[in-house]
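UniProt numbering numbers the first residue of the sequence shown as 1 and each following residue consecutively.
Incorrect hints may have been included.
Result set (DSS-like, lysine-lysine): computed pairs, CA atoms no more than 27 Å apart in a straight line [what the hints assert, rightly or not]:
1. K383 x K412
2. K559 x K548
3. K535 x K524
4. K380 x K515
5. K400 x K300
6. K659 x K633
7. K351 x K548
8. K192 x K242
9. K493 x K400
10. K362 x K441
11. K558 x K548
12. K300 x K192
13. K412 x K380
14. K482 x K471
15. K377 x K593
16. K94 x K198
17. K535 x K593
18. K593 x K613
19. K515 x K384
20. K471 x K441
21. K377 x K521
22. K527 x K377
23. K558 x K351
24. K300 x K351
25. K377 x K400
26. K333 x K558
27. K432 x K400
28. K482 x K377
Label pairs and their in silico Cβ distance ranges [to be verified]:
29. E370 x E341: 57 to 67 Å
30. L379 x G556: 38 to 48 Å
31. S346 x L594: 49 to 59 Å
32. G556 x Q335: 17 to 27 Å
Honestly, the hints are just simulated from the structure, not real lab data. Where a beta carbon is used, it is the ideal one built from N, C-alpha and C, also for glycine.
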Amino acid sequence: IKDDFEIIDKKEIPNVAELKKEEKERTEEAKWAAPILSLAKKASENLALSYGNALKSASLVGFIPKPVSNDSPAKTSARCHAMEERGNLMNMMKLSIKILIQSALSLGRTLDSDFPPLQQFFVVLEHCLKHGLKVKKTFIGQNKSFFGPLELVEKLCPEASDIATSVKNLPELKTAVGRGRAWLYLALMQKKLADYLKVLLDHKHLLSEFYEPDALMMEEEGAVIVGLLVGLNVIDANLCLKGEDLDSQVGVIDFSLYLKDTQDSDVKQDGGITAVLDQKHYVEELNRHLSCTVADLQNKIDCLEKTNSKLQEELAAATDRIGSLQEEQQQLKQQNELIRERSEKSVEVTKEDTKVELDTYKQSRQGLDEMYSDVWKQLKEEKKIRLELEKELELQIGMKTEMEIAMKLLEKDTHEKQDTLVALRQQLEEVKAINLQMFHKSQNAESSLQQKAEAISSFEGKTNEMMSSMKQMEERLQHAEKARQAAEERCNKMKQELAGRLDSCRQQMSQMDSKCSTLEKELKSEKEQRQTLQKELHQEKDATTLLKTELQQMEGLKKELRKLQDEKQQLEKVCEEQEQALQEMGLHLSQSKLKMEDIKEVNKALKGHTWLKDDEATHCKQCEKEFSISRRKHHCRNCGDIFCNTCSSNELALPSYPKPVRVCDTCHTLLLQRCSSNST
Numbered sequence: 001i002k003d004d005f006e007i008i009d010k011k012e013i014p015n016v017a018e019l020k021k022e023e024k025e026r027t028e029e030a031k032w033a034a035p036i037l038s039l040a041k042k043a044s045e046n047l048a049l050s051y052g053n054a055l056k057s058a059s060l061v062g063f064i065p066k067p068v069s070n071d072s073p074a075k076t077s078a079r080c081h082a083m084e085e086r087g088n089l090m091n092m093m094k095l096s097i098k099i100l101i102q103s104a105l106s107l108g109r110t111l112d113s114d115f116p117p118l119q120q121f122f123v124v125l126e127h128c129l130k131h132g133l134k135v136k137k138t139f140i141g142q143n144k145s146f147f148g149p150l151e152l153v154e155k156l157c158p159e160a161s162d163i164a165t166s167v168k169n170l171p172e173l174k175t176a177v178g179r180g181r182a183w184l185y186l187a188l189m190q191k192k193l194a195d196y197l198k199v200l201l202d203h204k205h206l207l208s209e210f211y212e213p214d215a216l217m218m219e220e221e222g223a224v225i226v227g228l229l230v231g232l233n234v235i236d237a238n239l240c241l242k243g244e245d246l247d248s249q250v251g252v253i254d255f256s257l258y259l260k261d262t263q264d265s266d267v268k269q270d271g272g273i274t275a276v277l278d279q280k281h282y283v284e285e286l287n288r289h290l291s292c293t294v295a296d297l298q299n300k301i302d303c304l305e306k307t308n309s310k311l312q313e314e315l316a317a318a319t320d321r322i323g324s325l326q327e328e329q330q331q332l333k334q335q336n337e338l339i340r341e342r343s344e345k346s347v348e349v350t351k352e353d354t355k356v357e358l359d360t361y362k363q364s365r366q367g368l369d370e371m372y373s374d375v376w377k378q379l380k381e382e383k384k385i386r387l388e389l390e391k392e393l394e395l396q397i398g399m400k401t402e403m404e405i406a407m408k409l410l411e412k413d414t415h416e417k418q419d420t421l422v423a424l425r426q427q428l429e430e431v432k433a434i435n436l437q438m439f440h441k442s443q444n445a446e447s448s449l450q451q452k453a454e455a456i457s458s459f460e461g462k463t464n465e466m467m468s469s470m471k472q473m474e475e476r477l478q479h480a481e482k483a484r485q486a487a488e489e490r491c492n493k494m495k496q497e498l499a500g501r502l503d504s505c506r507q508q509m510s511q512m513d514s515k516c517s518t519l520e521k522e523l524k525s526e527k528e529q530r531q532t533l534q535k536e537l538h539q540e541k542d543a544t545t546l547l548k549t550e551l552q553q554m555e556g557l558k559k560e561l562r563k564l565q566d567e568k569q570q571l572e573k574v575c576e577e578q579e580q581a582l583q584e585m586g587l588h589l590s591q592s593k594l595k596m597e598d599i600k601e602v603n604k605a606l607k608g609h610t611w612l613k614d615d616e617a618t619h620c621k622q623c624e625k626e627f628s629i630s631r632r633k634h635h636c637r638n639c640g641d642i643f644c645n646t647c648s649s650n651e652l653a654l655p656s657y658p659k660p661v662r663v664c665d666t667c668h669t670l671l672l673q674r675c676s677s678n679s680t
């Protein structure tokens with residue numbers, strides 16, 4: 001204790017009346033901070049008591065072994081002495097924390113490293129951490145530093161790695177004591193000093209390498225002190241490590257700060273505990289909300305980075321696919337061009353061949369049609385002539401038979417006159433039968449004419465000739481009827497003319513036989529011509545079938561061309577769709593990059609730029625004019641620097657602020673450029 005504490009003269013200790021006056025002035029100035037002070041005090045005491053009670057109950061139950069009193073009196077006295085040291089240090093820690101919270105809340109601002117209660121707090125905390133440290137022997141000499149156990153926090157709690165790296169990177173620190181003090185400063189600024197020390201106390205098997213068994217950090221008092229340190233989370237500390245000589249500072253406790261009567265203030269402070277509890281809950285919820293938002297933003301940033309990497313991979317794969325597809329498309333285009341050229345050539349050749357064949361076919365068809373029409377006309381005329389000749393032959397044959405019968409009757413009339421009347425009657429009956437036969441023949445001729453008229457009506461353009469022939473046949477029928485009537489009249493005169501006409505009939509019969517032979521010969525020649533025409537028709541039909549097959553082949557080639565064109569259109573559609581997909585991927589990438597930049601800006605705003613204090617700035621950062629009563633100071637909400645009114649007259653909406661706030665000219669131009677790039 002003599003080594004650790006420095007005794008102060010009684011003259012330096014202030015009077016009680018002076019202390020009371022100072023305390024009243026401070027209480028009047030800091031009435032609003034009294035509830036928070038009492039809340040922090042009670043919270044630290046409750047946490048310390050609960051932790052101590054838990055340790056006691058654990059020792060009673062059997063989790064922590066109770067010490068066995070089998071030691072010598074010297075050891076027991078040493079233990080009692082260590083217990084007294086631990087109690088004194090714990091009480092000093094309580095007083096230092098209480099005075100620090102009270103003075104910080106009365107001032108109502110962030111604490112600097114020059115604040116005396118804060119300096120005394122670090123001195124007392126350093127004495128607590130040095131209590132019971134084991135001495136380590138090295139080549140240089142003995143080393144007794146509390147920075148060794150603090151280095152374990154980095155392994156146990158990965159959040160403390162930033163503190164360790166920043167302490168190691170400070171070039172001004174050359175000793176372990178200076179590094180330990182810098183570590184405590186940074187932990188207090190992060191408001192995680194109690195959490196880090198609690199992690200150390202939870203792993204006492206690791207602390208046993210650095211501390212003696214009777215050390216403060218190995219006993220219950222260490223847990224009580226950790227509970228008291230929780231109340232320091234109410235304080236905002238802004239400590240500057242640069243320019244301070246942490247290695248050569250002497251840790252001397254100033255007891256003058258703790259000789260003040262704070263009972264009156266405690267009585268007044270109990271009234272506003274409920275309001276302070278609400279404030280504390282509100283602040284804790286705000287801290288939780290901010291921590292949750294920061295964690296969410298970090299998770300979003302990680303997710304966006306992963307998605308960005310995935311999108312980049314997909315972009316690379318898509319570009320490779322597009323390159324391969326473009327190569328395939330070029331190959332297909334070349335193949336399509338070759339096929340198109342071949343097909344066009346074949347189509348042109350086939351078209352020319354078909355045109356030539358069609359021309360020849362049309363010419364041959366016209367010639368054959370003309371020949372066929374001529375032959376058909378000749379056949380019709382010959383048929384008509386033949387029918388007329390047959391009718392005339394029938395009439396002449398009938399006349400010949402009648403003439404023979406008349407000759408016989410005349411011979412009989414010569415022999416028998418009486419039988420002449422009977423013969424004449426028979427002849428009359430026969431003439432009547434002949435007339436009936438002629439009438440039937442005329443009816444048959446009419447029916448055959450009707451059939452022929454129907455057959456002739458089927459051929460277009462030749463009805464006029466058939467009608468003329470019908471008219472001729474009707475005229476001939478009329479002539480035949482007239483001839484029949486004349487024959488009836490001539491029957492009476494036949495008896496006289498029979499002898500002279502028999503010779504003429506015989507001569508006519510011989511002529512008719514000769515005509516029949518000539519007609520038969522002509523019919524045979526016509527049949528032969530008809531057979532040749534039929535053969536030519538068959539040949540033309542075969543040629544037409546060949547042309548039809550070639551036309552079908554042409555249609556198949558056209559279908560193949562259409563299929564190839566459809567495939568080409570499908571490939572072009574696929575290429576267009578892939579190009580659209582690439583454009584959409586590029587848009588998504590640009591949007592994700594913009595979102596990443598926005599999230600980084602929000603993260604910077606949350607972790608953000610250092611908020612420059614009013615005391616640190618005397619000139620405007622942009623125009624470098626000195627501040628005065630007329631030229632006031634204004635903070636830029638984006639970068640945190642201090643400017644005059646003319647250099648920070650712009651307002652913009654930032655991600656961390658819902659409404660438009662004051663921004664300097666440089667930040668205003670940068671944000672406008674970014675907004676314009678985002679909009680494009």
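Quick check: which numbered hints come out false for this structure?
1, 5, 10, 13, 15, 17, 18, 24, 25, 28 and 29
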